[in-house]
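Colleague: The lines below spell out each chain.
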Amino acid sequence: MRIGRFHKKSEEKPTTNRINDGTLSDDMNENVMRVKNELGHSADLSVRLIESPHHKSVVHAAVIHLDGMADANMINENIVNPLIEWFKENDQILTEMEERAGRILTVSQLTVKESWQELISSVLTGDTVVLVNGNTKAIIASTKSQPSRAITEPTSQTVIRGPKDSFTENLRTNTSLIRARIQNPDVRLVSMKVGSVTQTDIAIMYIQGIADESIVKEVKERVKGIDIDGVLESNYIEEMIRDDSMTIFPLLLNTERPDAVVGNLLEGRIAIIIHGTPFVLIVPAVFSQFFQSPEDYYQNQYISSSLRLLRFGAFFLSMYASSIYLALITHHQGLIPTTLIVSLMAQRENVPFPAIVEIFVMEIAFEILREAGIRMPRAIGPAVSIVGALILGQAAVEAGFVGAAVVIIVAISAISSFTLPNTSLVNVTRGIRFMLLFVSAFIGLYGVLLFSLCILLHMSSLRSFGVPYFAPIAPFRFKEQKDVLFRFPLPSLFKKSSRK
Amino acid sequence: MKMNISLLLSAAICLLISGCSNYRELNDLGVIIAMGVDHNEDPKQPYRVTYQVINPSGLSQTNKAGGQGLAVINYTVTGKTLLETLGKSASVIPRENNTTHLSLIIIGEKLARNDLDLLFDGLDRGKYSRVSIPIFIARGQTAKDVLGVIEPLEITPGKNIISTTQNNQKLYGSSSEVLAYEVIASLLSDGKDVSLPGISIRNASQIGKQTKNLETTDPTTIKVSGLAVFRKGKMVRWLDGETARAAQFVTSKVKNTPVVLPCKKGNVTITTIGVKSKMVTEIHHEKPVIHSKINVMGELLETTCQLNFSDPNVLKEFEKKMVKEIEQQIKRTIRITQKEKADIFGFGDALSRTNPAYWRENKKNWDNLYSDAPIALKVNVEIINSGLLMEPYGTK
Amino acid sequence: MPKIKIDGFQLFCMMLIFMFGSNLLLTIGKGAKQDVWIVNLLSTLFGCLLYFVYISLFKKYPDLPMTGYIRKIWGKYIGSALSFLYIIYFVYLASRVLRDFEELLISSTYRRTSIITLGICMILVIIYGVHLGLEAFARVACLCFVIIIMALFILNIMFVLGGYTKLENLQPVLGNGWGMVWKEMIPTGITVPFGELITFTMILPYLNKSGSAVKVGFFAIILGGVSLTLNSIMLLSVLGPEAVLRSNFPSLTAVSYINIADFIERLDSLILILMIILGFIKISIFFFCAIIGAADLFQMKPSPIFIYLVGGVIFISSIMIAPSYQAHINEGLKIVPYLLHLPLLIGIPILLLLTASIKQKLKPAVS
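Protein chains in written order, with numbering that gives the first Met the number 0: chain A, 0 to 499; chain B, 0 to 395; chain C, 0 to 366.
These are calculated hints, taken from the structure and not from any lab test. These figures come from a predicted structure and were not determined experimentally. Virtual Cβ for every residue (Gly too), placed ideally from N, Cα, C. Be a bit skeptical, because a hint or two may be false.
Said to hold, decoys possible - With a straight-line cut-off of 30 Å between C-alpha atoms, the simulated BS3-like cross-links for lysine-lysine are:
#1 B:Lys340 - C:Lys32
#2 C:Lys4 - B:Lys286
#3 B:Lys231 - C:Lys32
#4 A:Lys35 - A:Lys216
#5 B:Lys362 - C:Lys75
Unchecked claim - Computed from the model, here is a short list of chain C residues facing chain B with C-beta under 10 Å:
#6 Thr164
#7 Asn168
#8 Gln170
#9 Pro171
#10 Thr228
#11 Arg245
#12 Thr252
#13 Ile257
Stated by the list, open to error - What the simulated footprint calls covered on chain C by chain A, stretch by stretch (three residues with Cβ under 8 Å from a Cβ of chain A suffice, anywhere in the stretch; the number is not a length):
#14 148–160
#15 198–212
#16 327–336
Here chain A stands alone, though its shape is the one from the complex (with noise of 0.2 Å):
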């Protein structure tokens, strides 16, 4: 529904370019009804006129905002209460505002704007546009308050130990959950807004001096070229600014969680954040880090080396098992030990269909039962996942239309992509194994390595903003091995940003 408009530009485009001309008029009513005309009397434009005490149908000033989007009682106090009552004493035509007005209104932040762009465009944020009769001048008054989500625990990147508190889908509160962690003069944060439509705000942070320059501008340049309508989510953007515009490997980090952007940008690595999306995202990433978890710098050096290689396992268990299996049951019979093979052959001698097509539709039938699991109303969820996994499965063994194996490699299969910490890497599994299943079906395990073979060369060709996305297993870096397959205990790493 949203990809339809994309890229349409031209003559049906929204009326945004109309009001980029032209300057606030003195006359005020008349800018009064041309912000109604330009917002299409919107319903939730809301414009107080403060009108003279003294003189009916005198208007002095007009308080304009969007109903919603800015602080209400804010905007009551101090905005509305002290302009009436300035106006009770001086009931005449305001002059030389922008001197006074610093005097009249208790706003923390007030600017003086021009064009009618710029007014046009603060409305739309939440700002409140303060307009009075004889001036060509209109005052903008920071008001924004948009309904924001409390913050919460992290839902898809979940740890035992650290920090609980997540992103929310405000930008300033993300901006400030990152601010709140390193108290550092360097932190840098540049401001831009994307989507020629939704004009969406995203912020890129980064350490000065810890982040490579190069880099930086690199950024900055592909987020300014972005040409799209709208920018809902993160992934919006990731796929706009990555390197590589038809790989399955994710060129960007997701995270939803502060402690994680703040490593990265301890790091040297960039954190671009989109105003609606608790998922920040994080260049450049290599192949490496998405077997990371913040978790593995909580905990004992040792545990998390080895839960990290446990990934590393998992992530190859849940690409190849049941292609290996298809094979080893299809072609290489000879390799699959005789007891083994004695038992398989025996589950298998009442199964109706080929091995390939008992374990693609298990396969399938599994992603049925995951997608169902993530759309299905919470309070279902839990029953579907029962129902599917326990007696689907249980009942198409008894029945006989699939080996008891061929549910084992399946679940063992999904099960192993759950630990993975990151769900854009999960997604790679799932085709990869799609993908591999064919192939072993075809050919084999020789397949399977060709194949393996075939993934391996596109990795090793992709890069993240110039950086090989193998690094630094291939090329090869000794000095950088300390975080990749292992992690060092915390002060043998931390030397390493200290030289820099």
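For chain A, the structure is supplied; the task is to place chains B and C on it using the hints.
Modeller: Below, chains B and C without anything else, positioned relative to chain A:
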């Protein structure tokens, strides 16, 4: 981008031309786990081969639909060569035969006495099976009969034969597993002859081939019996019991075996716990001399005499006795093989390593040289303890 | 000249895998029976000498591949003709190695699959690799290197732990005299794999620090030679000289013996995986050399179509090259070494070096 599309296209072409792929369903396979080769009376078809095929539904315990039938089925085919019989077997076995799980080969005694020489070529060329599988001689019977026995303790007869032999090798040592590649190596070598373990049927009866065999406590079973000695690829005689075991001493294939020594009024049993031997052939006055150095470690574990084992001299005495006993047994065995001109130990190979020049000159004549060679044995026995008791309980 | 760069470690991995390539599969020099390892050890020494020749040429022209400086040294016409010959030679070698690996697969697990299917699958992956370029390929070589070393280590541990090694199989040392050793070493032992390292004269210009070529190269050759020697000792002690001689693929046979506790057995697949990776790397390197050479000779950028074309030629000639495996091996051991390897791998480089040195000495006198 173009690259990706063309790769996909080529992959599709591959899929199309893969009519002759290796894809086989498990349900369509007849897995041959054992093979018996017999002599056939018909000179045009000199081989009679029995293929033992696994019957999966007979094996499965949890199978709802089945559980019927025996674990294995034997199919017998005759033919000119082994591979011809394999091809012919397709006319009796309803599933595509698969020899990758072949786990043993049994050769009928009659065939073994005729010739063994090029029997293994088809196996060694390696496309059809592994060569690390044991080979046995069916003693006094045909391989077909031996493979026909239904075993109560193990799932398949083949498995039973292998585990019985391994067990025998571990705990008695009269014979040991000989793998196909070792047989091939011996057949190729001028300095070593083949020796193979024999198996026969104990308690033979017709019931042995039926499920009834599983319902008695004294069933027909398979028995490891003796060591077949070959000379230039032809079987010449059997070695039994202690003579067979002595041969294993020389090649240090035996590890744990009880040696019984006489004492005043009864016997003492010493179980070896480790045997290490070294074969060297030396040349003395242009004639080979067979040297064998054997180190044996043992435990004294049973006695029926009244002896005081707390005295170390008693143990020393038994060590000497055991040296004598083992020397005697080994000499007897070597003499037998010398008489048959069958160098089953590989003294010729040992000579070829230490003295290649002499070997090159005399290898054609090795069997005669071997049969005349004097034997020099050096056995060393060490009894390290006498079990948990010092003295036996006396019948006073 | 070239934009893409590889580093010393990547060169090292590529060289080592390249040397393992056919040698691990076919056990070159097995005619010398017990003394295969002596052949390997001595060949390593000669290999070092040969590499010295290659590296001296490279030092004189650090920016050019061999096809480039051959034209500088011997002039446009002879140089171009020889460059073209080398390109054809690389293509031919690639197809020979491809055939080796096709035969390995056919004779082990894929006896019902057609050689064409196996070959097409392999060549497609290689074409894809060449298409992605040397840089990506070198990274993959590094990863493969780790896999190969680990697999070899595990296999050798198994041989030792399982008690399959019989050191007496190595005796008698030099039982058949030096005659067989020389015969096996010259020309086969020296040219394969050490002479074939001439391929790296095409790749060395891509090195990021050209100074490391000497150190890395010699280190790789010595390490590779020693590991090949160790490997042949291991194979001999497991199989015995007779079986090594008789077997088409000795390492495959040796691995099929492994059976530890009826559980660790049937490791043939492990060696197959190893061999396929080795073959992939080796064929790709020949392929790269042909492409680099052609790009240099015809002054063009390698287009995808050209890569497909060369790939197709390699594949088709791998099938057409010989009617049977025996003919293929016979050709490889009896004809090719004398007709192609000796002149192209040893003769021409030495002559080149001589001409180049003389030219260099004459030049100051002229100017």
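Colleague: So which of those numbered hints doesn't the model satisfy?
Modeller: As far as the earlier hints go, 2, 4, 5, 6, 10, 14, 15, 16 are violated by this structure, in ascending order.
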